[in-house]
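Novice: Fit chain B to the given chain A structure using the hints.
Heads up: the sequence lines are chains A and B, in that order.
According to the working numbering, the stretch in the first sequence is residues 77 to 279, in order.
According to the working numbering, the stretch in the second sequence is residues 40 to 231, in order.
Quick caveat, the hints were computed from the structure, so don't treat them as lab data.
Here the structure is a predicted model, which is why all the values come from computation and not from measurement.
Among the clues, some could well be false.
[Stated by the list, open to error] Example chain B residues on the side facing chain A (calculated, C-beta under 7 Å, incomplete): (1) LYS60; (2) PHE87; (3) TYR114; (4) ILE118; (5) THR152; (6) CYS154; (7) LEU161; (8) ILE215; (9) MET222.
All C-beta atoms, glycine included, are put in the ideal place defined by N, C-alpha and C.
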Amino acid sequence: MSKSNLVSQFTNGLWAENPSLVMLIGMCPTLAITNSVANALTMGMATMFVLVCSNLVISLIRSQLQAHLRILVYMLIVATFVTVADYMLQAYLFTMSQSLGPYVPLIIVNCVILARAEICAAKKGPVTSFVDGLGVGLGFTFSLTLLGVIRELFGSRSILNYQILPDSFEPWVVMVLPSGAFLTLGLVIGLVNYLRSRKRVEA
Amino acid sequence: MTSDLIFVFITAAIINNFIFKYFLGICPFLGVSKRTDMAMGMGFAVTFVMTVAGVLTWIIYHMILVPMNIQFLQYITFILVIAGTVQLVEMYVRKFFPNLYESFGIFLPMITTNCAILGACLFIQKFEYNLIQAAVFSLGGGLGFAMAITIMAGIREELNFSDVPRYFKGPAITLISAAILAMAFSGFLIKR
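Extracted from the complex, chain A is given alone in its bound form:
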């Protein structure tokens, strides 16, 4: 595996196959816990940890997998790492794990992880899978954080609890409510579609 291939595998996950903005998978956490930047960052990091570990393990055992049992094996591997991540969060970031609540265990059924296991880890070697996990994980974290920034900025005037907008700005309560999540994501996806189509015309 040459170096340039690894780099393209990495950047692929960041933008061209960005899970939540382009592939439209893993929407539940994207919508649910982006009401503040801190939540979004933690969630992205936890997902990235699970994604990298499960990609690596699945890639190492890929020759042993039976076709009809593979999904079950993926699920068990992912569930194991999610349990690890959940207990780590509870040990070191207790308040954060309280505010994320059931969304940490729900990483198990995050389609991003299963999709990468099926598309990449089950076919390619451990190094490629590891890099792919890093790239997709970072892309996922990036899109979560982007939504978190927009929603926290307009919804509570702050980013990471530092006030940015002046007091005269009336916070848009809707942005921290569920409907704000749908609205922001819809607008961002529209914007991404626009940017991608413009790039295609130029190229």
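Specialist: Below, chain B alone, put in the same frame as chain A:
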């Protein structure tokens, strides 16, 4: 007791609707909501699996995991129970309702990774419901999901005939319509 159960049901189905409050099951909500009949089929499949899985995981959690003090295995156990339930339902439907099976197609296996199901099982343990409440909660949650996905499919059928800006076609406009729907549902939240 009965009023308590009705409260649990209404809360799960409408006030804390799985899609509009907890954002669980968004993937099928966006993927399978193109036609009302398919959306309803998906909704009822989810309701069924959710109720069975909710009751089964309650029993396993309280009869096996808690007495043996191995709650840390709950995620792995729950996902196995859900996968098993889906497999059983799939076999049952294929044997006895072949037409229904044809129309479900790939949705049934997809339910395994539907986060609404695992979410329901986790919420039941978190809210410390008893067995009957757990059954009512998962039934209500499933019906709420079916309702939401059917409404959305109705809206999307109408959207086909409207003039949507080019870059907003597809998922973007669906999400924005969902935002307006969610706003209507959050009316239930504020008056508490």
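Novice: Now look at each hint and say whether the structure bears it out.
Specialist: Hint by hint, here is what the structure shows:
1. LYS60: For LYS60(B), the interface hint holds, since the closest Cβ of chain A sits about 6 Å away, which is under 7 Å.
2. PHE87: violated (18 Å)
3. TYR114: Given a least distance of 5 Å, the restraint on TYR114(B) holds.
4. ILE118: holds (5 Å)
5. THR152: The hint holds - THR152(B) has a Cβ within 7 Å of chain A, the shortest such distance being about 5 Å.
6. CYS154: Constraint on CYS154(B) satisfied, holds at 4 Å.
7. LEU161: holds (4 Å)
8. ILE215: holds (4 Å)
9. MET222: Cβ of MET222(B) sits 4 Å from chain A, so the hint holds.
Hint 2 alone, counting from the list given before, is not met by this structure.
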